[in-house]
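Visitor: Numbering (the numbering used here), first residue to last: 1340 to 1553.
Bear in mind the hints are in silico, worked out from the structure with no lab data behind them.
The reader is advised that the hints may include incorrect statements.
Said to hold, decoys possible - Pairwise CB distance ranges (calculated):
hint, residue 1, residue 2, range
1, W1512, P1488, 24 to 30 Å
2, S1525, Q1406, 46 to 52 Å
3, S1525, V1414, 39 to 45 Å
4, P1488, C1351, 19 to 25 Å
5, Q1406, R1377, 43 to 49 Å
6, G1350, Q1436, 25 to 31 Å
7, A1421, F1509, 29 to 35 Å
8, G1350, W1512, 49 to 55 Å
9, R1518, Y1472, 21 to 27 Å
Don't be surprised by glycine CBs; every beta carbon is placed ideally from N, CA and C.
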Amino acid sequence: MSFASLLFTLGCVHFAALVAPGPDFALMLRASTLGGRRHAFLLALGLSTAIMMHTAIVTFAASALQQVLPGIMRVLPWLAAAWLGWLGWSCLRAAWQFQPAQGEATATSDNARQLGNGWWTGFATNVLNPKAYVYFFSVIAGMLPAVSPLQFKLSLVALFFVLALGWFGFLGWALNIPRLRNWLMSHERGTLYFTGAILTVFALLLVAQGVARI
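Take these sequences, add in the hints, and give me the full structure.
Guide: Shown next as structure tokens:
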């Protein structure tokens, strides 16, 4: 697989994980409806900054780890497949058990003050989440080749940041428009099915690649 193809594949996996309704989506919904677009954008920037930091740490740490423990490359793809498979199954199960949320809040200046610093809230929420480290290490380290150029690593970090900021920024804008907010929330189940299917397919592809290497 070429580096361009690998970058595209990792981008698809990351975007599928981003769009899955979860804690980040709930944070963006709360920030948008209670704090308005400015607060929501700061929150999106904080979430994206933490994702960029996760990506940079794991990308460069994985290369060092592969040099110290070359045999780990035989194990990491299987771990990545297991983790993506679990994420896919979790999304599908959440879709089956989905219960639409009820009630709606509106943005006020008092609510915005109560929400605190948007950037710090988003950054701290993501950077202190241990599951985020497991996800990034499993996926990135599991799919990275033993040797990759610096340009590729920097491109990967930039891509993950741009995808995250683009998606969360879109949510911050869209969730402030009642019609779009209602549409997004009414399609949460479909989004979960889509994300679960994408992640499961990538997990199966990693399993197939692992079997081919045996």
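Visitor: Does each hint fit the structure? Answer for all of them.
Guide: Results of checking the hints against the structure:
1. W1512 with P1488: 24 to 30 Å: 35 Å, violated
2. S1525 with Q1406: 46 to 52 Å: Once the Cβ atoms are compared, 49 Å apart, the range 46 to 52 Å for Q1406 and S1525 holds.
3. S1525 with V1414: 39 to 45 Å: 42 Å, holds
4. P1488 with C1351: 19 to 25 Å: Check passed, 21 Å falls within 19 to 25 Å.
5. Q1406 with R1377: 43 to 49 Å: This hint holds: roughly 45 Å between Cβ atoms.
6. G1350 with Q1436: 25 to 31 Å: Check passed, 29 Å falls within 25 to 31 Å.
7. A1421 with F1509: 29 to 35 Å: 31 Å, holds
8. G1350 with W1512: 49 to 55 Å: 22 Å, violated
9. R1518 with Y1472: 21 to 27 Å: 37 Å, violated
In summary, the numbered hints that this structure violates are 1, 8, 9.
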